[in-house]
Amino acid sequence: MISHVILYFFLLLVPQNSGERIIVYNGEEYKTTIDVEPRFLGTYKGRKTGYLELNDDGTGIYKYDIFGPAPATCKRGSITFKWGFVLDENGEIVKRKRNYGFSYPVLLESTSETSFQGCHTPVMMDYILDRGETLNVSSSDDWQKPNK
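Numbering of the sequence shown is given in the working numbering, commencing with residue 3 and proceeding in unit increments.
Just so you know, these hints were derived from the structure itself, not from any lab.
It is possible that part of the hints are untrue.
To be verified - List of simulated lysine-lysine pairs, BS3-like, C-alpha gap at most 30 Å:
#	residue 1	residue 2
1	Lys77	Lys147
2	Lys65	Lys99
3	Lys50	Lys84
4	Lys150	Lys65
5	Lys97	Lys77
6	Lys65	Lys84
7	Lys147	Lys84
8	Lys47	Lys77
9	Lys147	Lys99
10	Lys33	Lys97
11	Lys65	Lys147
12	Lys150	Lys33
13	Lys99	Lys77
14	Lys50	Lys65
15	Lys147	Lys47
16	Lys33	Lys50
17	Lys150	Lys97
18	Lys47	Lys99
19	Lys150	Lys47
20	Lys150	Lys84
21	Lys84	Lys97
22	Lys65	Lys97
23	Lys147	Lys33
24	Lys50	Lys77
25	Lys33	Lys65
26	Lys99	Lys150
27	Lys150	Lys77
28	Lys65	Lys77
29	Lys147	Lys97
30	Lys84	Lys47
31	Lys33	Lys99
32	Lys50	Lys147
33	Lys47	Lys97
34	Lys50	Lys150
35	Lys33	Lys84
All figures in this text were calculated on a predicted structure; none of them were measured in a lab.
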């Protein structure tokens, strides 16, 4: 009984960073988080069939409008991935001021056979662009969602 009480108090004292994860990009480790405002979650889409979907459990789907050139071994289809918004040295989400608003770097790490840029890139850095009324994805011309 006493061991259960000690364990309970220990768990209360240890910081719980369940939303943080390390993603390696271009040989460098980045601390990231999936603990983001709900407005960033959901589906970013445009006029065609492509989209980016960020789920609250840290998974997502990336579907190209036009897949483009790729080796024959690269299965053409949606890319499943795990994601994380990049954190700075203070544990805060990186946010860069732009003339239209802000940009937030997010890392997407493929968890499927298919990866980014015709299966040449297992991890891609993309940016969510906060333009005020909408959130856009920098890797697509028109993928967006309302900024709620």
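Hints and how they fare:
1. Lys77 - Lys147: 28 Å, holds
2. Lys65 - Lys99: 28 Å, holds
3. Lys50 - Lys84: 24 Å, holds
4. Lys150 - Lys65: Status holds; Cα separation ~23 Å.
5. Lys97 - Lys77: 34 Å, violated
6. Lys65 - Lys84: Distance ~14 Å between Lys65 and Lys84 Cα, so the pair holds.
7. Lys147 - Lys84: Distance of about 20 Å is within 30 Å: holds.
8. Lys47 - Lys77: Roughly 22 Å separates the two Cα atoms, so the pair holds.
9. Lys147 - Lys99: The hint holds at about 20 Å.
10. Lys33 - Lys97: 14 Å, holds
11. Lys65 - Lys147: 16 Å, holds
12. Lys150 - Lys33: 26 Å, holds
13. Lys99 - Lys77: Distance ~37 Å between Lys99 and Lys77 Cα, so the pair is violated.
14. Lys50 - Lys65: Distance ~11 Å between Lys50 and Lys65 Cα, so the pair holds.
15. Lys147 - Lys47: 7 Å, holds
16. Lys33 - Lys50: 33 Å, violated
17. Lys150 - Lys97: Distance of about 18 Å is within 30 Å: holds.
18. Lys47 - Lys99: With Cα atoms ~24 Å apart, Lys47 and Lys99 stay inside 30 Å; holds.
19. Lys150 - Lys47: 15 Å, holds
20. Lys150 - Lys84: Holds, at roughly 23 Å.
21. Lys84 - Lys97: Holds, at roughly 20 Å.
22. Lys65 - Lys97: 25 Å, holds
23. Lys147 - Lys33: Judged against 30 Å, a Cα distance of about 26 Å means the pair holds.
24. Lys50 - Lys77: 20 Å, holds
25. Lys33 - Lys65: Within the cut-off at roughly 25 Å; holds.
26. Lys99 - Lys150: 19 Å, holds
27. Lys150 - Lys77: 35 Å, violated
28. Lys65 - Lys77: 12 Å, holds
29. Lys147 - Lys97: 18 Å, holds
30. Lys84 - Lys47: At roughly 19 Å apart (the allowed maximum being 30 Å), Lys47 and Lys84 satisfy the hint.
31. Lys33 - Lys99: With Cα atoms ~21 Å apart, Lys33 and Lys99 stay inside 30 Å; holds.
32. Lys50 - Lys147: Holds, because 14 Å separates the two Cα atoms, which is no more than 30 Å.
33. Lys47 - Lys97: Roughly 22 Å separates the two Cα atoms, so the pair holds.
34. Lys50 - Lys150: Holds, at about 23 Å.
35. Lys33 - Lys84: 13 Å, holds
Of the numbered hints given earlier, the model fails hints 5, 13, 16, 27; all others are met.
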